[in-house]
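Protein chains: 4
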Amino acid sequence: MIDAGIFGATGYAGQQLAWILHNHPEINIKFLNSHNYTNFQTNQVYGNFNGFIEEKYVDMDEAINSLNEVDVIFLSLPHGKAFEITEKALSLGVKVIDLGADFRLNNKEIYETWYGVNHLAPSLLGNSVYGLCELNREKIKESNLIANPGCYPTATILALAPLLKHKLIKTDSIIIDAKSGVSGAGRSANIASLYCECNESIKAYGAPLHRHTPEIEQELGKIAGENLMVSFTPHLVPMNRGILSTCYGSLTKAIDEEELQEIYREFYKDEYFVKILKTLPETRWVRGSNLCHIGFRIDKRTGRVLVVSAIDNLIKGAAGQAVQNMNLLFGFKETTGLEFLSMAL
Amino acid sequence: MIDAGIFGATGYAGQQLAWILHNHPEINIKFLNSHNYTNFQTNQVYGNFNGFIEEKYVDMDEAINSLNEVDVIFLSLPHGKAFEITEKALSLGVKVIDLGADFRLNNKEIYETWYGVNHLAPSLLGNSVYGLCELNREKIKESNLIANPGCYPTATILALAPLLKHKLIKTDSIIIDAKSGVSGAGRSANIASLYCECNESIKAYGAPLHRHTPEIEQELGKIAGENLMVSFTPHLVPMNRGILSTCYGSLTKAIDEEELQEIYREFYKDEYFVKILKTLPETRWVRGSNLCHIGFRIDKRTGRVLVVSAIDNLIKGAAGQAVQNMNLLFGFKETTGLEFLSMAL
Amino acid sequence: MIDAGIFGATGYAGQQLAWILHNHPEINIKFLNSHNYTNFQTNQVYGNFNGFIEEKYVDMDEAINSLNEVDVIFLSLPHGKAFEITEKALSLGVKVIDLGADFRLNNKEIYETWYGVNHLAPSLLGNSVYGLCELNREKIKESNLIANPGCYPTATILALAPLLKHKLIKTDSIIIDAKSGVSGAGRSANIASLYCECNESIKAYGAPLHRHTPEIEQELGKIAGENLMVSFTPHLVPMNRGILSTCYGSLTKAIDEEELQEIYREFYKDEYFVKILKTLPETRWVRGSNLCHIGFRIDKRTGRVLVVSAIDNLIKGAAGQAVQNMNLLFGFKETTGLEFLSMAL
Amino acid sequence: MIDAGIFGATGYAGQQLAWILHNHPEINIKFLNSHNYTNFQTNQVYGNFNGFIEEKYVDMDEAINSLNEVDVIFLSLPHGKAFEITEKALSLGVKVIDLGADFRLNNKEIYETWYGVNHLAPSLLGNSVYGLCELNREKIKESNLIANPGCYPTATILALAPLLKHKLIKTDSIIIDAKSGVSGAGRSANIASLYCECNESIKAYGAPLHRHTPEIEQELGKIAGENLMVSFTPHLVPMNRGILSTCYGSLTKAIDEEELQEIYREFYKDEYFVKILKTLPETRWVRGSNLCHIGFRIDKRTGRVLVVSAIDNLIKGAAGQAVQNMNLLFGFKETTGLEFLSMAL
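Heads up: the protein sequence lines correspond to chains H, B, W and R, in order. So for the first sequence, the UniProt record's numbering puts the first residue at 1; every next one is plus one. So for the second sequence, the UniProt record's numbering puts the first residue at 1; every next one is plus one. So for the third sequence, the UniProt record's numbering puts the first residue at 1; every next one is plus one. So for the fourth sequence, the UniProt record's numbering puts the first residue at 1; every next one is plus one.
Excised from the complex, chain H in its bound form (with noise of 0.2 Å):
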C-alpha cells in the first residue's frame, strides 16, 4: 500500500485520477488539492462521489506541506505550474507524474518556443522519462520523474509507431487529423466551452500550432531515427470523451492490409491496453477505459496508408495512463485498477 497525493484534483483528469486511484487496491489517497475548491467537500464538486470519497479539497500550502507523507505525486496542473513542486518532491524522494507539458519536451528552447514560459528546471529534463508506457516501459520503471504524455500524442504515436519503426512511410508525409471530446478542454469557465457553444458543432482549432505537435514530432522523430515533421490539425467534437487521431502517410513501398495487420500485431503482443483491429475504430468502444484502439486502409491508388487511433482522452490520454506509469514504478502489476472496459454507451 502506497500513499498519493493529486495536486490540481477538481479538473477533469484530476477527478478521473482520484476516481481510478480510489479503486486501485494498492493506493491510498492522502489528499487532494483543488485551487478553485479548496476547503469544498468532494461530493460537492463531484456528485458521483457522494457516499464514497467525502474528503475536503485542501489548497496549495497544505498539499505541499503534506510531501512527506505521500510516496508519489499526480500534478494535474496548468503548463509552467510543475517545476517548483516537482523539484521539493523529488528532493523528499517524492515520485513525480506529471500530467503536464512541463517535462514532455526534451529541450528548453523548444518548450520555451512553443509554450511561451520560462522553463523553469531545466536540469530536470534529463531525468524525466516520456511516459508512454507501451514504448518507453523500462525507463519508466527506473525513473523517478514521468511527463505523463498529451491525449493526441499519446493516440497518435501508438497509430504510427509501427510504420516508422519499419520505415514504411515517408517521414515528411505525415498528415495528423484529431478530433478530440469537449472535456480535453478542461474544466474552466469559458464561454467557448459552453453547452451551446459546443453542441451541434465541429470545428478545427489551433491549426498548425498547436502545442501537442513538438511533442508528437520528438516522440515519432525518436522511433523513425531521424528528425521529422508533421501537419498536426485537432478539431473539437460535441461529446465528452474521447479522441480519434486519423493519421496518413505516403507508404514507402507496397504493402497489403494482411502484412500490416501482422506487423502492427506483432509489434503491439504484449499490450493489454492496445488492441489492433480489422475495422476503422470508433471511439465509444473505448470511452471509459484505457484501451487504445487501432485501426487501418491501405489506399493502393495514392500509395498512402490511413491508420486511425481512438482512446479516451481522460483515461489511457492521461489519468489512466498516469496510474499506469506508477504501476510501472512501484512494481505493481501494469494493469492494476486499469481493467475496466469501455461500456459502450
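The hints are simulated quantities; they were obtained by calculation from the structure and are not laboratory data. Where hints are given, some of them may not hold.
Identical chains share a label here; the pair holds if one copy fits it or two copies do between them.
Distance condition first, Cα-Cα at most 25 Å in a straight line; then the derived SDA-like pairs of lysine to any residue [to be verified]:
| # | residue 1 | residue 2 |
| --- | --- | --- |
| 1 | Lys222 | Lys300 |
| 2 | Lys170 | Leu251 |
| 3 | Lys170 | Leu209 |
| 4 | Lys167 | Arg301 |
| 5 | Lys165 | Arg301 |
| 6 | Lys333 | His24 |
| 7 | Lys278 | His210 |
| 8 | Lys141 | Gly225 |
| 9 | Lys269 | Leu67 |
| 10 | Lys300 | Glu109 |
| 11 | Lys88 | Asn106 |
| 12 | Lys333 | His22 |
| 13 | Lys81 | Ser91 |
| 14 | Lys278 | Tyr37 |
| 15 | Lys170 | Lys253 |
| 16 | Lys278 | Val58 |
| 17 | Lys278 | Pro208 |
| 18 | Lys56 | Asn68 |
| 19 | Lys333 | Asn28 |
| 20 | Lys253 | Met229 |
| 21 | Lys300 | Gly126 |
| 22 | Lys300 | Val117 |
| 23 | Lys81 | Ala189 |
The model shown is predicted, which means the values in this text are computed figures rather than measured ones.
Once you've looked at the hints, dock chains B, W and R against the given chain H.
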C-alpha cells in the same frame, strides 16, 4: 464459481449484463444468446469486447439445450417470451432472473390487460419475487424466480417508499413525471430511435397508460397497505443513459426537510446503493453505476413534497439490479461486481 | 420602416432578436448594445452574422444616447437593469419591450420577494402590459411598455388557459413539470453551463421557488378569476433550445378528448402561432419557430388531464414573442418576420 | 409561379426541400412523393408541417402520372432510381434536378465501378450539368438536367477550387479529412444510425473508397486541368447537421495568408453564399443556411496549406443547392428563398 447464461445478450440491457458478469469474480459466462446476431462474434457487435469477450452468440435452441450446464439464467427478452424458458429452467433447477415484464405483475388479468398478450405460465406468478433488492431482500434470497423491476419503477418506488411507509403523502395525490435516456427504447431499428429523431428534442410518450404504471401501483400499494393509482408520464431525453423520476405528493401533515432527511436516511441506512442527497439529483452522477440518488424539497406554499430520484436505467434499472439479485440468490456479498462509481462525464 | 435598438444583444435571446429583426421587412436596427463585447464586431461574436450583420456593439452610454433615434427598444438584460432605461425611453416617446422580468409582476412586493432586489420604477407597473399576445392582444396594441413573458410561463399559460377559462380543472391541483434546453441558462461563463456538465444528464433545479412561479400564478389567476398556487419544477435537458411544459390538473367534471380538442381548437382558432395536436408535442417540431404546440391526454383512471406544450425558448419564449409584440405595437401584421417553420432537425 | 414535384420527400433532404419550396415565393408544390409513407399526411411524418403543409404523400405511379402538371421535379432517391423518371420527365419538357448520384459522374464506367449498378441512361450523361452553382453557373442556366452535387464534394470543391485554379498546390498532395453530422446517413432504420450508436462517439467510415471520391476527383480535375487523385476520409460526428471538410495540400510556392485571403476573396467576390473567413470555420455558423464558410492556415514549417470549409449538408449540401440550381434554371434571382442565416444555436 457459478455458471450463467444470458438470453437476449445483444440488447442494451443484455450487453450491459455481459459486461458486468465478465468482471464478476464469482461468475463464468457459459453462453450468450442472440436472435439477431446468432453466430456473430461478440466483438463484431460490441467493439468494447475486443480482446476481452470474443465468443459467438448462440441461437435459442442451443441456449435452451445448454440449460443443464448453468446455475442461473438471465432473460433480457421482449415481454411474452419468458414463459417457456422459465418453466424449463426451473424444472432443471436453474434459477431465473427475468429482466422483462412477464413475472412482475402478481395478477394474470392485469398483466394481460396492460401487455395485450396471454400469460402462459400463471402458476409461476405465486413463486416469483419482485426483485427490488432494497425492499424485498429476504424474499429474494429464498426464491428461484426473480422478476427484475422495470427501470422507471425502480427509480420511482425507491423515491416514494419512505413517504408511503410513513403515510406522509395522500395516496391519491401521486404524480410521477419521469425522464429517460434513449437506451430505454432498446436496440431496435426504429425510425423513432434514430439519432436525428431523438437528438435536440424532448417529448412525453405513452401517457397515461404506459405499461410501467400497474407495476408502480402494485408495489407502492404494498408499501402503503392499500390500493392506489398514480399518474405516470414518461419522457424521452437526448442522452444515452439515465432515468430521472420527479415525483409529487400532497403531504398528510406539515414536515420540514430536516425531518424528512432523517426519515429517508433511516429508511435506507443499510443500503449501499441508495444515497440520500441534500441537493436534487442529476443523472450524470449515477450514470455507469448501480446507484440510486434521491433528493427532495418540501413546498410549504402548496403543501406538496417533491422527490427526485436518479438511476442508470441499464444498471440499477436493469442489468446491475439483476446481478444484485443474483448475488442475493447465491449468497454472494450483495455488492460484488457492482462497486463501480459513475465516471461523472 | 421603424428604427429599433437592442440592449443586451450578445446574450442568446438578444442575438436571436438581432437575427429576427435583420430579416424583418419593416425594421432598421439602429444599434446593438453589449456589455461584454463593446466595440467587438458582431460577426466576431456570432459567426453566422459574417457578411450580413457586421457592425460594432456599443456600450450602454452610447446606446442610451441613441434613444432619440429609435422608435422602439428591446431590453434583454439581467433583472433589475431595466428600470432606468425604460423610464428614459418612455419619456422620449420610445416604446419599450422588456424581455426581462422587471415589469412582469403587477405587484411590487411580490417582485421584490422573489427577485431579491428593489423595484425602482413601481409607478410603471400599472402601465406595463404582460405581452402574451394570444391572451392580451388588445391591451398590447395600446401600450408603450411590454413585459415580454418568461419562457416557462409562455409555454405553461398557453397550455392551461383553456382549461382554466372553462373551469375544467381544480385551481389547487395544478402541477407543472417543465423541461428546458441549456440556452435558457444564458450565455454566462458558468461551470454549471459547460458542455461536459450538461451533456448526458438531466436534473431538476430551482424548485419549488423558481422565479417564474409567481408570474405563472399571476396570469393563470387572472384567467381563472381567482388566486391560485401551482407546483412548478423546471429541469435542464441536454439540448440547445426548447421548452416542454408537462402540466397536470384534476378535472372538475368528466370530459373526453374529443370535447377537449374542440375546446382548445375553438379557444385558439384565430391564432397563427398556436397549433393544437392530436399527438403529444415534441420540442423539435417547434425549434427554430415562433410556434407553440399543445397536446393533451385525459386519464380516466385518475380523473386528471395531462397537457403538454412545446415552444422554442429563444423564439416564442423570448425574441420571437418580443417581435410579435412589436408588430402589434406598431400595427404591422402580427406574423411579419416570424413566418419561419421549424427545420425539424 | 412554377409548379414543382418532389420524389422522395420524406428523406431528410427531401423534407428540407419541401420546407424551402414551401417558403419560396415563386413555387407551387404540386406533389410530394414518398415510398414508405404513401397516403400518410405530411404532418404525421414531420410535425413541423402541422398547420402549414398538410397534404398526402403520393406513391410513385401517381407522381409519375403528374409529371405533365409540373415544370420541374426534384429527385431525392437512392442511387440507381433516377434513370427512368428522368427520361420520362425530360421527354415531357420537365426540368430535372437530381439530388442523387446518377448523373454526377460523366463517365458511365466510373459510375458503374463505384456504385455497383448499371447506368441505364448513359445518353443523358452528356446533357447533365454538375450543379455546383458557384463554378458552373452559366452551363446550369442552359441545362434541363442538373446533377446536384454530393454534400462532401460541395464543401470540398469550394474549399480547394481557388488553390487548384491558381496552381498553388501539388495535385498529388491532396488529403481531405471530412466530418459529417448523422443526417448524412439518411432516414433509414439502421442500427448504426440509432441515437445510442452515434451519440458520444466519432468514427471514420468508408475510406479509402467512399463514393464521393470520384466525384471530387472529376470536378477538381477539371479545375486543375489535369487528372488527379485524392485521399478522402469521411467521419461521422454526433450532431444532426453539418459538414466540415479539412483539406491539406503541399504548396507549389511560398505564399502568406494575406495573399491567400486576396486570392480567395477575389475568386468568390460575387458569391452570396460563400464567405471567406479569417478564422477557421465552425459548422454551427452555417447550420440551417445555404452558406459555405471557408478559412485556411499556411504552415510554413511543412509547406502545406490547410483549408477548412463548412456547410449544412442538408441545405448547401443538398436541398438548398437544389433550389439554387432551380433559381438559375428558371431565371429567378439566385438567392430567392435561400436568404435565411444560420440561427447559430
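25 Å Cα threshold - placement of Ser91 relative to Lys81: within (17 Å within a copy, 56 Å between copies)
Intra- versus inter-subunit Cα pairing at 25 Å for Lys170 with Lys253: Both: 10 Å inside a chain and 21 Å across chains, each within 25 Å.
Intra- versus inter-copy proximity for Gly225 and Lys141 (alpha-carbon distance at most 25 Å): Answer is within: at 23 Å inside a copy they meet the 25 Å cutoff, but 58 Å across does not.
Within, between, both or neither: Lys278, His210 at alpha-carbon 25 Å: This pair counts as between: shortest inter-copy Cα distance 18 Å, intra-copy 31 Å.
Same-copy or cross-copy closeness of Lys170 to Leu251 [CA-CA at most 25 Å]: Both, since 6 Å and 18 Å are each at most 25 Å.
Within, between, both or neither: Lys170, Leu209 at alpha-carbon 25 Å: both (21 Å within a copy, 22 Å between copies)
Identical-chain pair category, Lys300 with Val117, by Cα at 25 Å: between (45 Å within a copy, 23 Å between copies)
25 Å Cα threshold - placement of Val58 relative to Lys278: Between copies only: 23 Å across, 47 Å inside.
25 Å Cα threshold - placement of Lys300 relative to Lys222: between (28 Å within a copy, 23 Å between copies)
Homo-oligomer pair classification [Asn68, Lys56; C-alpha up to 25 Å]: within (19 Å within a copy, 53 Å between copies)
Alpha-carbon proximity between Lys167 and Arg301, which holds within one copy, between copies, both or neither at 25 Å: both (20 Å within a copy, 22 Å between copies)
Within, between, both or neither: Lys333, His22 at alpha-carbon 25 Å: Both ways: Lys333 and His22 sit 17 Å apart in one copy and 20 Å across, limit 25 Å.
When held up to the earlier numbered hints, the structure conflicts with 9, 21 and fits the remainder.
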